[in-house]
Amino acid sequence: MSTATLRQPRGKPAASAPLPAAISAGPVRRFTIAEYEQLVEQGMVGERDPYQLLNGEIRLKMPVNDPHTSTALKLERRFYRLLPDEVLVWIEKPVSFPTSNSQPQPDIALVLGPETRYDAGQPSAADVLLIVEVADSSLASDRGEMLTIYAGGKVPVYWIVNVREGIVEVYTQPRGGKRPTYRARTDYAAGQVVPVVLGGKQVGAIAVSDILPGGN
Amino acid sequence: MATVTLRRPHETVLPGSDGPHLQRFSVDQYHQMIAVGILTPASRCELIHGWITEKMPTNPPHTQAVRVLNRLLVRMLSDDWVLSPQQPVTTADSEPEPDIAVATGPESKYADRHPTPRESVLVIEVSDTSLAYDRGTKLELYAENRIAEYWIVNLIGGVVEVYTQPRGGKRPTYRARTDYAAGQVVPVVLGGKQVGAIAVSDILPGGN
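First to last, the protein sequences are chains Z and E. With the first letter of the first sequence counted as 1, position 63 gets the number 45 in the working numbering; the numbers rise by one all the way through. Count along the second sequence starting at 1, add 17, and that's the number in the working numbering.
Keep in mind the hints are simulated off the structure, nothing from the lab. For glycine and all other residues, C-beta sits at the position ideal for the given N, C-alpha and C. Among the clues, some could well be false.
Here's a subset of chain E near chain Z, in silico, CB distances under 7 Å, partners left out [claimed, not checked]:
no., residue
1, 38
2, 70
3, 71
4, 104
Whole structure, please, built from the sequences with the hints as guidance.
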């Protein structure tokens, strides 16, 4: 990709573009969650396109395609049926991970209620019981950067609904430290059911074939 | 249930062309961030084509070269010229902070704003680890903005690279480049007129 030679008017620049190699000798400046929220409040981020903060970098949220949307919707409905009242279903809303300067918007986050708990601010990692990312083109990122952020925040259970391979990858036993990760991974395929485990207790199960394209 | 060992995800600071897309900011937004204190002088940032980047930390040889250049230019320049070390130059979409910039006077013009490229007649970057960047992105940025004279004090190569005749277009660049080595003198040309000269040996390490 050639280096940028765009003539920008003094207004807002093009919302975003991939960063050309060697745009800078130094790193791109990273922001804390507090600074990011201040920018959002000032209307400098997210007014036109959806953004999220990942490891201090303000990144465009890539648009999702139809299988992604319908899969997320199917999951959402099934969660609502299964969950006790005190657990909220948080759809594509910001969750703060202070230790990694991140504020992603997971496809689905199951967070501790009641709703009034979040009147003054976003949920943070400690409030989260389970996160789901529906992964199509984002698989590498969901298994990579996002996994690291969620493990680093000690989210107990992380699901990747892998649309391409038709499986649900369930990651558990988060481990922090320099290179956060999940110690265990179990995959569930069509014909199998995924246990929904919150706070160490199973509250129900969801059949893979019910949520993935090509299922019944 | 098999336990899978997960590999450390690959981390990139500057993503490639198919990587995640970073937000870009306008000059006005950048100034707003400075005004509300999100960015401070201690942040050591520049705005380059909308991306907020951190300047590389400097080392003593770099600082010394800037110091010497500053001293020599101060003595050489009349009040017609304004000398600013490591201060912002504001373009349409960027705000770099060259190591040295000379702008047209009077000084009072800049009481409440930074010099524009049109007012900046000479820009100097002292380069060691940032050489590729100073010859690449920075050079294009200064050429695109028609800054007449651009020097790279190449600490590694031991030369002062003088770029002149900026040209815009799709790939902005300087049409001419002349290198000066130890023992030679670099003419200081402002607004098309030579106002003095600087001996390379005075500014490069190993000089007096």
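Query raised in the report: Looking back at the hints listed earlier, which ones does the structure fail to meet?
Result: 4
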